[in-house]
Amino acid sequence: MEHETLGQIFIITVLSSNFVLAMFLGLCPFLGVSGKLETAVPMGIATSFVMLVASLCSYALNELLTRFDLEFLRLIAYIAVIASAVQLVEMVMKKFSPALFRALGIYLPLITTNCAVLGVALFQTARGYDFGQSVAFSLGGGVGFSLALILMAGVRERLNLSNLPGVMHGTALSLMLAGLLSLAFMGFGGIGVAR
Amino acid sequence: MNGEQPIHVVPPVNSLRMVRTLMLVTSLCGGLIVAVWQLTQPAIAANKKVVLERSVRALIPNAAQIVEYDASTRGVTPGKGDPADGAVRFYAAYDRHGQLEAIAAEGAARGYTDTVRVLYGYRRACECIFGIRVTQMKETPGIGDKIITDPVFLKNFESLDVSLTPDMRSLFNTVKTVKHGTKQFGWEIDAIAGATITSKAVGRGINDSAQRLLPLLVPNLEAISQKGGMQ
Amino acid sequence: MSSQPLQASNMEQLLEGIWKQNPVFVMALGMCPALAVTVSAFNALGMGLATTFVLICSCTLISMLRRFIPREVRIATYIVIIATFVTLVDYIIQAVSLALYEALGAFIQLIVVNCIILGRAEAHAAKNPPLSAMVNALGMGIGFTIGLFALGSVREILGAGKLFGLSLFGEHFQPWVVMVLPPGGFFVLGLWLLFFAWLAKRKEAQHGA
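Just so you know, the protein sequences line up as chains U, H and G, in that order. For the first sequence, position 149 (counting from the first letter as 1) is numbered 1589 according to the numbering used here, and the numbering increases by one without interruption. For the second sequence, position 168 (counting from the first letter as 1) is numbered 169 according to the numbering used here, and the numbering increases by one without interruption. For the third sequence, position 166 (counting from the first letter as 1) is numbered 200 according to the numbering used here, and the numbering increases by one without interruption.
The hints are simulated quantities; they were obtained by calculation from the structure and are not laboratory data. There's no promise every hint is true.
Stated by the list, open to error - Interface residues of chain H toward chain U, partial, derived using beta-carbon atoms under 8 Å:
| # | residue |
| --- | --- |
| 1 | I34 |
| 2 | W38 |
| 3 | R111 |
| 4 | Y113 |
| 5 | T114 |
Stated by the list, open to error - Below, a list of computed lysine-lysine pairs in the DSS-like style, where the Cα atoms sit at most 30 Å apart:
| # | chain 1 | residue 1 | chain 2 | residue 2 |
| --- | --- | --- | --- | --- |
| 6 | G | K235 | U | K1476 |
| 7 | H | K139 | H | K156 |
| 8 | U | K1476 | U | K1535 |
| 9 | G | K161 | G | K54 |
| 10 | H | K156 | H | K49 |
| 11 | H | K180 | H | K156 |
| 12 | H | K139 | H | K177 |
| 13 | H | K156 | G | K196 |
| 14 | G | K196 | H | K49 |
| 15 | H | K139 | G | K196 |
| 16 | H | K81 | H | K50 |
| 17 | H | K139 | H | K50 |
Using N, Cα and C, we set each Cβ at its ideal position, and we do this for glycine too.
Sequences and hints are given; from them, build the entire structure.
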């Protein structure tokens, strides 16, 4: 595989292969927490942070497992590391920034089962990214996730004011909206790819 | 917090029992994984070999035997496991008489949606690539996936110039994808109109792989020109 | 439900997962794999069967161990057990069909975080005997597979004019390419959910009349 620059990886992961809208990762929180902007923003920040931590941990872990030829334990190791990372982030935040903890507290445990976080770890391994590339990938993933969440929340806030047929309320409508957003993001295809 | 999220609660009581249970469960799971891993490894390896041989045969029809090698600065070594850092994996196809027929190797580059992987065939006699086969891609159906079927595009690869510089350090000319209808030289690829990004990915993948592989491979071709010459 | 021994017949349990509480259409769970891999009916079936296997094995094992697992570490234990079976499925699929493995990619390993499995383990398997847990998991698994198949077949028929790779409409059919692209996944699932919401609404209205 040719070498991709960090900037390329970041831009591609944010826009043309957005975690939520193109790779379908992290749909549960995307549909669940995108009702209001004021919850979407902290959720995006918390998830991005955990993604970064998970990416760093799983990079180190993968190096270790590969060295000892224990690749078959990779999945279990990753999921354990992510659960502990979430826990760690929670404790650190509680100690040093109680205000932030109160703002994000309820979302943190949810992040353990967010497939976008495990997705970062698995995809960076599958694509054989080195350390810098992994960091760029996880940052891009986090920013892309937040971007999709915030856009969706903005649209849904407006939609609450409009008149809709009864059956349309709920998940079905959110999925249609996500489809339209995804269609729009497809327009970014090819951005950041070397010429 | 503690009511609905018991994973976070680790009270000191009963911790011996918890540790014991976790140990038991993990050792059970570990045993299961190792057992299935041992059982499935031969089948997985055989599967991969079948898929690879099918692709190489499609490219080089009279290949009777296909051998994996790694080319690195230390010369050409039999390919086992994942190639080491700096080594490039390639496949040598031998005909019925054990003579080297052609070389196949894989190039990869990011296309419109995901990685595009291409297997290409190389012959020393013409110093050219004589065919390609797309092994993996998720490009847009009807647009990007024309790289598999479009006859005009595939004609680019019937004789693509990848000759080396006299000192054999790099390709004489960079393999390059150019805008549809502007191909002038033997080392240029005429892009498919409307699918330029995917076409360029094919070109970049081949160029990247050939630039690394050929300078390592060509000086050592003698050593593998006959089947069994290496072993 | 939790304390009383299982009275409802196994058949009812099975049907609950397949129809009344269908994980995809009614509960809208496990949507990441549901959308990501359903570009064709074949992939959808493969993913559905893999998930069903993990669901049945892990729920049965969890149910057998339910008296030994201390409450405090139960989620951790469940995750380890689920991750084990997912790893097994990953290797088995590689051994059976490399083509399927490449089509599903990292989404096989992402079965670990599929909320259906942890949800079933916590809500049912942890409180019921192995047989009941197995039947319940089987029902949910079949329901999930049917859901994925409904998505995958619609997307393949409209997006490629094929089903299981067989051409359906002849060469004059212009495929709706968008259906096999990511937006199509959202649209088709949205339409299915709409259809089921409409069914429920109509039933409600009939009962009211």
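Against the structure, test the hints numbered earlier, and report the numbers of the ones violated in rising order.
none
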